[in-house]
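Engineer: The primary structure of each chain is shown beneath.
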Amino acid sequence: MPTLEKSQLMSATEIDRTLQRLAHEIIERRGGTVNLALIGIRRRGVPLAQRIARAMRPIDGVDVPVGTIDITLYRDDLSTVAPQPVLHSSEIPFNVDDKDLILVDDVLYTGRTIRAAMNGLFDLGRPRRVQLCVLIDRGHRELPIEAAFIGRKVQTSDTEIIEVRLNEVDQEERVMLVERTP
Amino acid sequence: MHERFNDLLSIEPLQAAEIAFLLDQSVPFLEIQRHPLKKLATLRGKTVGLAFFESSTRTRISFTTAASRLGADVMQLQAESSSLKKGESLLDTVRTLDAMKPDCIVMRHASSGAPEFVASRLDIPVINAGDGAHEHPTQGLLDALTIRERLGRLEGWNVTIIGDILHSRVARSNIHLLTKFGCRITLCGPAMWLPRELENLAGERASIRRVANVEEALSGADIVMVLRVQQERLHEPALSLDDYILLYQLTPERLRLARPEALVLHPGPMIRGLEIDPVVADGSQSCVLEQVTNGLAVRMAILFELIGRGPDANPEKDSSHVAS
Numbered sequence: 001m002p003t004l005e006k007s008q009l010m011s012a013t014e015i016d017r018t019l020q021r022l023a024h025e026i027i028e029r030r031g032g033t034v035n036l037a038l039i040g041i042r043r044r045g046v047p048l049a050q051r052i053a054r055a056m057r058p059i060d061g062v063d064v065p066v067g068t069i070d071i072t073l074y075r076d077d078l079s080t081v082a083p084q085p086v087l088h089s090s091e092i093p094f095n096v097d098d099k100d101l102i103l104v105d106d107v108l109y110t111g112r113t114i115r116a117a118m119n120g121l122f123d124l125g126r127p128r129r130v131q132l133c134v135l136i137d138r139g140h141r142e143l144p145i146e147a148a149f150i151g152r153k154v155q156t157s158d159t160e161i162i163e164v165r166l167n168e169v170d171q172e173e174r175v176m177l178v179e180r181t182p
Numbered sequence: 001m002h003e004r005f006n007d008l009l010s011i012e013p014l015q016a017a018e019i020a021f022l023l024d025q026s027v028p029f030l031e032i033q034r035h036p037l038k039k040l041a042t043l044r045g046k047t048v049g050l051a052f053f054e055s056s057t058r059t060r061i062s063f064t065t066a067a068s069r070l071g072a073d074v075m076q077l078q079a080e081s082s083s084l085k086k087g088e089s090l091l092d093t094v095r096t097l098d099a100m101k102p103d104c105i106v107m108r109h110a111s112s113g114a115p116e117f118v119a120s121r122l123d124i125p126v127i128n129a130g131d132g133a134h135e136h137p138t139q140g141l142l143d144a145l146t147i148r149e150r151l152g153r154l155e156g157w158n159v160t161i162i163g164d165i166l167h168s169r170v171a172r173s174n175i176h177l178l179t180k181f182g183c184r185i186t187l188c189g190p191a192m193w194l195p196r197e198l199e200n201l202a203g204e205r206a207s208i209r210r211v212a213n214v215e216e217a218l219s220g221a222d223i224v225m226v227l228r229v230q231q232e233r234l235h236e237p238a239l240s241l242d243d244y245i246l247l248y249q250l251t252p253e254r255l256r257l258a259r260p261e262a263l264v265l266h267p268g269p270m271i272r273g274l275e276i277d278p279v280v281a282d283g284s285q286s287c288v289l290e291q292v293t294n295g296l297a298v299r300m301a302i303l304f305e306l307i308g309r310g311p312d313a314n315p316e317k318d319s320s321h322v323a324s
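Protein chains in written order, with our numbering: chain A, 1 to 182; chain B, 1 to 324.
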């Protein structure tokens, strides 16, 4: 699919500052990190969750547990995805029962990824509360899902794509607005 | 990006990278077995047809459970209760099953090559769940997963297989699979079950040797695979049951000749006191129950790989054989 880079939405510094702010916001609104755990959604939600947890350490002095979830098996569009997806293990090294969980992802769009992640989570137990934290909210929801913690809201059209590129995955660090060209 | 699999008929034509991919895909399903809630909706609305023309308990229950854990429905055809007994041909039987529109057929048959024949006539994927003395590919994969999970890798081990190699599809699938990863295979058993041709089974580069003496065969083994002995194949004067036990049973003393911590695998059903001593069967080196759990994960991965995608993603097979 041919694409055209339209503009940069965030630089490396802006990503870092946004994650710092999100870490503060989460702690402030909850009044601490007691009972809290973060779940990064593969792939780019994983480094984001790890970075938010790292940013929380100097604020609250504790290590917030971080898990990862692979949503492939819970997708509702597998039959229309062209290439056969590669599976990864979800790694959640703690009991989710009665935990306050925050799902972390890079971009919130239709909400279907989050729906899939919640299905996966509920197979593991019964968390007390599940909230959502995203770096970018680009609108166009197809399900009644909203994020409690948002790095930045961006108005987009259907033909536009938000590309979050992170050092851990992409060996570069920025958020781009890309246009799909016919 | 890997080649897509249209069927799973045998290990022999697969490349090491394809096998490694299938094993990688199995690992997340191992994790699912540890969940309190093990049922996924991934294959919801899909149907897996089971056509077992030969009796099977474990493989059938494993495929049934794998399908249901993925949310698929299962349609079962059993030889005992089917019209095969009334003289219907294999092809007519599977075509009838196919007309009920399953998304794939898992098939076991006493004749080598039967699943391949059926696959060439049907448009949907066919999974070989054991055909004659040919192959049992999901058993080969689950044994490989067991080795990889226990020892961290598949490459370069000394593997000793003891028993009725001649009639064993499990042995054949394992020999093909493990030699692709550079394992050295030692086959051991009564001479009547150990024909010379076995040494050439997997091509010239594969290291396969036959050893008559079980102590010699076990010396230095990293992995010991014990095969089930079908008692009806043992008879005087060639070899009695007692002779077999005396000469080939895997006992704790014999296992000590292998490397320390060598793995013991058995495809089941296991007959304690015949091919394996109960102490070995229950010992810490035994992987028997892990094999069963791993079998479920491997079969979930295979079903996901073959039918966990849209029909348009499978153009090659869809366009061929339509008229046949």
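None of these hints come from the bench; they were simulated from the model.
Predicted, not measured: the structure shown is a model, and the values here were computed from it.
Quick reminder that beta carbons are idealized off the backbone N, C-alpha and C, glycines included.
Do not rely on the hints blindly, as some may be mistaken.
Stated by the list, open to error - Calculated from the model, a selection of chain A residues having no Cβ within reach of chain B, i.e. all distances over 10 Å:
id, residue
1, Asp70
2, Thr110
3, Ile161
4, Val169
As the list claims (entries may be wrong) - Among chain A residues calculated to face chain B with C-beta under 8 Å, some are:
id, residue
5, His88
6, Asp123
7, Leu124
8, Ala148
9, Ile150
10, Val154
11, Thr156
12, Ser157
13, Thr159
14, Ile162
Engineer: State for each hint whether it applies.
Structural biologist: Outcome of the hint check:
{"no.": "1", "hint": "Asp70", "result": "violated, 7 Å"}
{"no.": "2", "hint": "Thr110", "result": "holds, 18 Å"}
{"no.": "3", "hint": "Ile161", "result": "holds, 21 Å"}
{"no.": "4", "hint": "Val169", "result": "holds, 18 Å"}
{"no.": "5", "hint": "His88", "result": "holds, 6 Å"}
{"no.": "6", "hint": "Asp123", "result": "holds, 4 Å"}
{"no.": "7", "hint": "Leu124", "result": "holds, 6 Å"}
{"no.": "8", "hint": "Ala148", "result": "violated, 25 Å"}
{"no.": "9", "hint": "Ile150", "result": "violated, 29 Å"}
{"no.": "10", "hint": "Val154", "result": "violated, 31 Å"}
{"no.": "11", "hint": "Thr156", "result": "violated, 27 Å"}
{"no.": "12", "hint": "Ser157", "result": "violated, 27 Å"}
{"no.": "13", "hint": "Thr159", "result": "violated, 23 Å"}
{"no.": "14", "hint": "Ile162", "result": "violated, 25 Å"}
Going through the hint list in order, the structure does not satisfy hints 1, 8, 9, 10, 11, 12, 13 and 14.
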